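There are 2 protein chains.
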Amino acid sequence: MQGFKTAAAACGMRYRGRPDLALIMVDSEAGGTAAGVFTTNRFTAAPVELCKNHLESPSIRAILINAGIANACTGEEGYRRALEMARAAGEAMKAPAGSVLVASTGVIGMQVDPEPVRREMRGLVESARPDRWDEVARAIMTTDTVPKMSSATVEIGGRRVTVGGVAKGSGMIAPNMATLLAFVCTDAAVERRVLDHWLRSGAERSFNCITVDGDTSTNDSLIALASGAAGNPVLADVAGPESVLFGQALEAVLVDLAKKVVIDGEGATKFIEIEIVGAPDERSAKTVALTVANSPLVKTAFFGEDANWGRIVCAAGRAGVDLNPDRVALYFDGLCVFREGTPVPGAEVEERAASAFRRKDIKVRLDLGMGTASFVAYTCDFSYDYVKINASYRS
Amino acid sequence: MQGFKTAAAACGMRYRGRPDLALIMVDSEAGGTAAGVFTTNRFTAAPVELCKNHLESPSIRAILINAGIANACTGEEGYRRALEMARAAGEAMKAPAGSVLVASTGVIGMQVDPEPVRREMRGLVESARPDRWDEVARAIMTTDTVPKMSSATVEIGGRRVTVGGVAKGSGMIAPNMATLLAFVCTDAAVERRVLDHWLRSGAERSFNCITVDGDTSTNDSLIALASGAAGNPVLADVAGPESVLFGQALEAVLVDLAKKVVIDGEGATKFIEIEIVGAPDERSAKTVALTVANSPLVKTAFFGEDANWGRIVCAAGRAGVDLNPDRVALYFDGLCVFREGTPVPGAEVEERAASAFRRKDIKVRLDLGMGTASFVAYTCDFSYDYVKINASYRS
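The listed protein sequences derive, respectively, from chains A and B. Remember, our numbering sits 103 above the position in the first sequence when you count from 1. Remember, our numbering sits 103 above the position in the second sequence when you count from 1.
If you're looking for bench data, these hints aren't it; they were derived computationally from the structure. Note that the structure is predicted; figures quoted are calculated from it, not measured. A few of these clues could be false.
Covered, in the sense of this in silico footprint (three residues per stretch, anywhere, with C-beta under 8 Å from a C-beta of chain B), are these stretches of chain A [unchecked claim]: (1) 143-153; (2) 355-363; (3) 408-415; (4) 483-489.
Heads up, the beta-carbon is just placed ideally off N, CA and C, and yes, glycines get one too.
Construct the entire structure; sequences and hints are all you get.
This is the structure in structure tokens:
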């Protein structure tokens, strides 16, 4: 991907002996265009507030990310420190602090210390190189067990354009470790408004479709940054065919990253796709999908490899959507196990359902029989390890 | 409690070697007044449908309850079989089938077999005795580890009136075992409309305040039955002082039973009270309370005895209520741990909070600083055993 340099370092703010600070720079003084989608939690971390303000700037030069301390619930002092981090990066890059975005993940309620960030900053800028995305993906991890990267390429106006991103999970929030952070970069030349449009619609079909435990962190941030270095004619018309191509590439990367976050969900042993079809509208489809995907009884059944159609239809039934039980049909990997208000009888059905649940990837389809809208949610199971990770995190 | 007889038997419909069938009879041909509150799940079990229909009758003679099979998701055949159970009880008691209520708990999707019920029915009626509520409480258990009973007495019009009840939990639903069933009987003479009023308002402050895992079963039923045998002047005016006294006694029994259900929640090791105060209205208070009470991250923190204020404020922040983080204050057993957007500093605070979390009963108070409305939710923690019970239930 052209027009970017990245670097990572171990600043030691909280972790010891591992990279915990990452920098993504646009490799041109003109900077790039950027867009962001942030947590809807009323408790918003200081770096999220800072990003919202700095995104007002027409040009963004860099994203600075630290792992270990989330700088959330830290009051005005937290904002001041987030700003100091942006200033340190700006000084080292000879760029305005207002052109630097900051993201943090880690313990809630602790102040970040800008001093080690400042100390590492010059070295970070000097060591920045193209195509070191894996270092960034590693430096932003908290309870994640694997780094998460994805990319796609597409031809636009005769130029090869790349969209690439990194993300971290892996519970939605924790104590308070784990937040959803994703940074998607592209060398496409694209107007901010167009980038913003595709980021928002892509988020709806990716990060807004996943759930590990239903919690939304104080720090959740999805940021897109475009360098324009691919040299394609600037994408200025959202509805234009090349803009749509770009949007599809961006969405593909977002969906892939989102799935990787779920697969690496805390304690997860299964990857589950909950597809709701036949809904009266997309909102209802989404409500049912997420109610099923977040039900602890459903999630423990997946962990136990128990093809428990009862828990799934019951979770759907309490989702607040005016279902008609007689019209609902449930499928496991294409096999109908429930319809017309009762389970499909037969030992063979039970046997095949059980076998579907023994696989690592499970597809559940629930047809509400009411309309034509649909929604797919991605989730994971609830295991002993989920409880273990989250019961003993801080000790 | 006057005017009732009860009995229990092992009919062997699904369990072996334990009582699984219970009968609560009003000991008079005139029967009693009754009221019910039922699941809001769109998948409603056949006995719930039957109860709704039979409650149209002005006089109720009995409640017949079976454990082991829930008769949910069983289509029209399920209703026919529930009705056969009511008929069997009616015949044995020489009462109309329409004066018998039926409740079932257990596996979803399986048909009940009315045959063993019919076989036991005459013996059940003949063996019925006053004051055998403990047998009823035991016969209706599924994953419950202890029988749940409660009672209260109050003087009305110079007569001693008793309200007594039994309940079972212990997940909200399961595979499908465990449903919330509660039967509250009283010897008060009370008009149906008055009984209905106090049952509904009492349910709001008891069973609608508890959550084990956020799931609402297909079978959840709360039924009140009044024999009138205490001989008090009939309670006919909801707003009258004696009606209010009666309502308070009923509510006390409901709250006590509801708390017992939570304490015996699947895998629970802690009993947690989540009190929201300073809310703009009761609906917002309830939304925040239940969002916190259902958060897996909050519940695993309780299990881990981790005084994790971060997870609690974050769950509150995502509840969809327009909070101002700077006005929120959080207390553990009366100790303020968070206010003005940041944690209260100090090793002493942390030490005392940690000690509060080591107790079996934990009180959490969250002041939203917005108004005067409040709500209290009761919940339990999420343990390894919750996962174990629910991952391996059917095997």
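Evaluated hints:
1. 143-153: holds (count 5)
2. 355-363: violated (count 0)
3. 408-415: With 5 residues closer than 8 Å to chain B, the stretch 408-415 of chain A meets the three-residue bar; holds.
4. 483-489: holds (count 4)
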